[in-house]
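Peer 1: Let the sequences and hints guide you as you build the complete structure.
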Amino acid sequence: MKKFLGILLCMAAVASASMIGLDALGEEQSFGGMASSAGRGFAGGAKTGDAEGLALVNPARVAFDTKVVFNVNFLMEFTSLEHSGLAYSTSSVSIPSFNLSFPMGRFGAAGVSLWQHYSSVMDEEVEDSTSSVIAKLKYQSSVYEIVPTYAVRLPYLRNFSLGASAHFVMGNVERSLTLGPDNSAVSKEDYWATSEAKITDYVDGSWEIKNHPAYYSAALQYRGHQMSYYFSYTTPYTLRNDLNYNFRFSEIDTLVPTKYTREIDIPMTLATGLNFRFFKRNNVMLDLQWRSWDGDVENISRSFSMDEYTETQNDVFASVGFQRDGSTLFYDPFWDRVTYRAGAWYKSWYIKNAYEVGGSIGAGFPLGRKGTVVDLAIQGGKRFVDDGHSWEESFVGIRLGLMGIGNWGSTQR
Amino acid sequence: MKQKKFAILSILFVLAVLLTSCIFDTDESALSSWLDDQGLPNSYQVQTLEIDGIVPVSAESYQNLAPRDAYSIVYLGRSANISHDMVLDFMFDTLLFAKLKDADVAKSSIDFRLNSQFYGAKNFPKDSFPIQESMNVTVSWRLTRGMGESFLRSIVDIEDSTWRDSLIYWENDGSADTSYEISIGKKDSVVSLTLPSALIDSLRKKVTYCRLQLRLSAPEAQHVLRFYGPESSYGPQFRMTTETDSLTRTVTPYRAAEILENKEDCLECPILHGGLYYDSLMVELPSEPILKKLAEFYGDEFPYNGGDKYDVRQAVVLAELTMFKDDSQGSNELGYPIQIVAGSFMDDADSVYHLNERYKLNKKLIDEKGHPNMVFYDGDSLSLQVTSGMRNFINKASDGRNFKFKMRMSLPVLSPKDSLYSDHIVVVDSAKKTTDTSYVFFNNFDLARYDFSESMKSPMRLKLWLASKRGDE
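Protein chains in written order, with this note's numbering: chain A, 1370 to 1782; chain B, 72 to 544.
Hint data in this document are derived by calculation from the structure and do not stem from the laboratory. Quantities reported herein were computed from a predicted structural model and do not represent experimental measurements. Take these hints with a grain of salt, some might be off.
Taking lysine to aspartate or glutamate and the DMTMM-like style, the derived pairs with C-alpha atoms no more than 20 Å apart in a straight line are [what the hints assert, rightly or not]:
1. A:1628 x B:418
2. B:540 x B:108
3. A:1751 x B:98
Peer 2: Structural data, given as C-alpha cells:
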C-alpha cells in the first residue's frame, strides 16, 4: 500500500489537469468522480443494488442499499493541449471523493461524502522567449464539499425512496505567477536593476457559500423490477471566494495584500436518470443533468491581460452506460464475479463554447470474501474550446476506486 | 497475499502511465501559445520612472549617547565633535592597602596599550604616525569602601547594564585636571598616564576593601585614542609603586564603559557621525510629487483608494534616490571613502520595524566610477537604494503618509571600484605565485562626521524601476 501511495504522490508532484477555466472555477468532477460510476460513462444514478453506495446527484438511491459501503477514488489523467498542430501534454493525480454510506434498515440510510467538486490545477514552467527567464505558473484551487445524506424508503410505497443532502462548501485558492523581468522597454543602462529580480504575483483565498451554511439536494427514486428512475433537484447558491492579491519578492517579503471577494451564482441543478435491468445482471442506464447559467463567472484575474469574466452557457451532462453485475456468489469463477462496465458521455461545460465527449470502460474486481472491491475505469475523450482560438484537450484517464463493503448493523437471517 | 495484489496493481499502474504518456507528444511552444491566449504572462514588463525636484520635508539626526560597554576597546579623546570618556571599574584588596599605608611615598599611573587591530591593520594609513598632542585630561573618581569579601561580591553582582546606566548621573568624589604629552610612534605603543596624587592619597587613607571608578575625560583633545579593553590581556593596568620597598602593584579593571557627548554647535542640524552604533539621520520626503508623477505615468489615481486601500497594482523592483553631496562639509580620520547605508521603516501587522535596505550592484557604474553610495569620494552626488521602503510607501500611501528613510554611516571602503563587493584573493606576481587579499571594507569604523544640511535643502531625484500588473490598456 505504501508503494502504491508513493507512486501516486510522485505523480502528484508534477500536476496539471484540464487547463480550461483555470481562472474561473476550473474543472468540475461530476458525480463525485467515482470510479464505479466513471466506468459506465458516469451514468447509473438510478441503479440500485445491495452495495451501490452514495450517488451525489441522487441522494435517494442509498435507501435501497443493505450494506455499509466505504470508497475512496483516485484519478490519474493525462491531458494533451492541442492547437494548430502543436501539442503540450501534462498529467495530474487527484482524489475526487471519499464516500461512506450506512444503511439502517427501516430507519433509512445515512451517509457522508467528501467531494472535490471543482479544481483548478496547473504547475508549469515556461521560458520567456525574449529574456530566457523561466516563469513558474501555478494554480491550486479546490472547492470541497462535505455532503451528509439521508434517505428513506417510503412507508407503504416501498418502491419509492426520498433522499436529501446538504453540501457544506469549503476550500482554498492559490495562484502564483513567478516572473522574470522583460527589459524591452527600458534603456540598456538600466538593466542592472532587474537582474535576478523575480517577482511573484500571488493570490490566495478561500471558498464558502454566501449567507448560508450549505446548499441542498433532494431526490425521489423509484425502483421497479426492471426499470428504475430518479429525479433530483439541487438548490441554486452563491459561491463566495475571498481573495488576497499581493506581490511577493520572497516568501517573507511581501506587500500588504488587498482583499477582494468574487461571488459566483451557481444555478439550480436538475437531474434525472433511468436504469433498465435485463437478463438479471445486465443493466442499461441513461442519465441527464442540466443547469441554466444566468450570469458570467468572475475570474481570479485582475492581473496582466487576463479576462475579468468567463462567459457561461447552459451546461448539460448526458450519459449512457452499460453494466454487467458480477456474481455475488464467492464460489463462482473469479471472472464471473467481476463487474463489467462501459459508457459514454457528452458534456457541455459551464464555460461558453467548451464541450466534452468521452467514453470509458471499467470493471469491479472483488478481492477476497469480505466484500472488498477494486473498481478500475479507463476513460478517454476530448474537450473542445471554440473561443476564437480553437483549443482542444485530449485526455486519457485512469480511475481507481477502493471499496469496502460490510454488513455492520444488519442481522443474519 | 495483500502485498502481492498491491504490487501487481502498482505495476499495472506504472505500465498504464508509461503507455499513456507515449500517446501524447509535448512541445513547450504549445504551452506558451496557450498561455498567451489566456492572457497569462511569461514575464513582467519593466518600466522606469524618474521623479525630480523632491525636497525633503524634514531631516533629523538621532543619537543614542547612553554609556556603552568598552570591554574590547576603550576610547579616549574627541573626534568629529563627539567626546569619548572612559570609565574603569576597579576593586582593591587589603594586602595592597596595607603596603600603601605603610609606604612613605607612593605613586601611581595607568597604562594603556594601543589597539593594534585598529592601528596595526594592514590598511591603517601609515602616515597617521606619529600621533602627537598635548592632551588635557580630567581625571575624576568615585571611591567606595566596604568590609569583607561580601563587599567585593556585592560589586561583582551588579549587572553591567545597571552599572552603565548609573554612569549617566556621574558624581565624583574627587577630580584633577592634568595635561599629558602624548607621542605615539607605532601601532603597539604603550601610553602611561600618571594619576594625580590626590587620588593616591584618598586610596591610602584606610586599610580596607575599596572600589574605585575612574573616569578619564579629554573633551578638547584633537584625537581619539583606541586602547585594548579589559577583556584583553593587553588591557588597562593600574600601577602603584611604593618607594619604601620599591614594590609595584598592578590591578586590572573589572569592567569598562564609554561615555559619549555630542559637542556639535548645532544640535538640530542633520549631521551624521560615524562609528556610533545608533547615530542616524531620518529623512522625510513629501508624498505629493512621487504620487503625482505615478498618477501621470499610469493614468490611474494615486494614492490608491479602492477597496481596502492597499495598493498592489504595481511592484517597485528597485528604487534609487540621488542627492547632492559636498564632502567639504565632513571630516574623517582615515581618509577612505565611507559607505552610507539606507534603512527603511516597514509596516508589520500592528507595528513598524526597521529594515536595512539591500544594496544591488550596478557593476558597470562601479567599475567605471565606483560605488555611488559613498561620501568622501569623487563626485557631487550620493545615490541610495530605498527599494523596500518605497514598496511599503506606495502600498500604504492612502493613509497620507510621507516617505521616510534612515541614513547611517557604514565602514570605510578600501576598494571603491571593485564591483565584486566581496573580499577576494588577487594575484600580485604570477611568476612568483604571490597573492594578496583585497578587502572591501576597513575592519573598523571611522569616527567621521558629515553635515548634510546642504544636501537636505537641495532637490533629490528618485528613480523607480516598476513592474506593473496592469494589462495592455
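Peer 1: It remains to establish, for every hint, whether it holds in the given structure.
Peer 2: To see whether the hints hold, each was checked on the structure:
Distance hint between residue 1628 (chain A) and residue 418 (chain B) is fulfilled; the C-alpha atoms sit about 17 Å from each other, no more than 20 Å. A C-alpha spacing of about 17 Å is found between residue 540 (chain B) and residue 108 (chain B), which places the hinted pair at or below 20 Å, so the restraint holds. For the hint linking residue 1751 (chain A) to residue 98 (chain B), the alpha-carbon distance of about 19 Å falls within 20 Å, and the restraint holds.
Violated hints are absent here; each numbered hint is respected by the structure.
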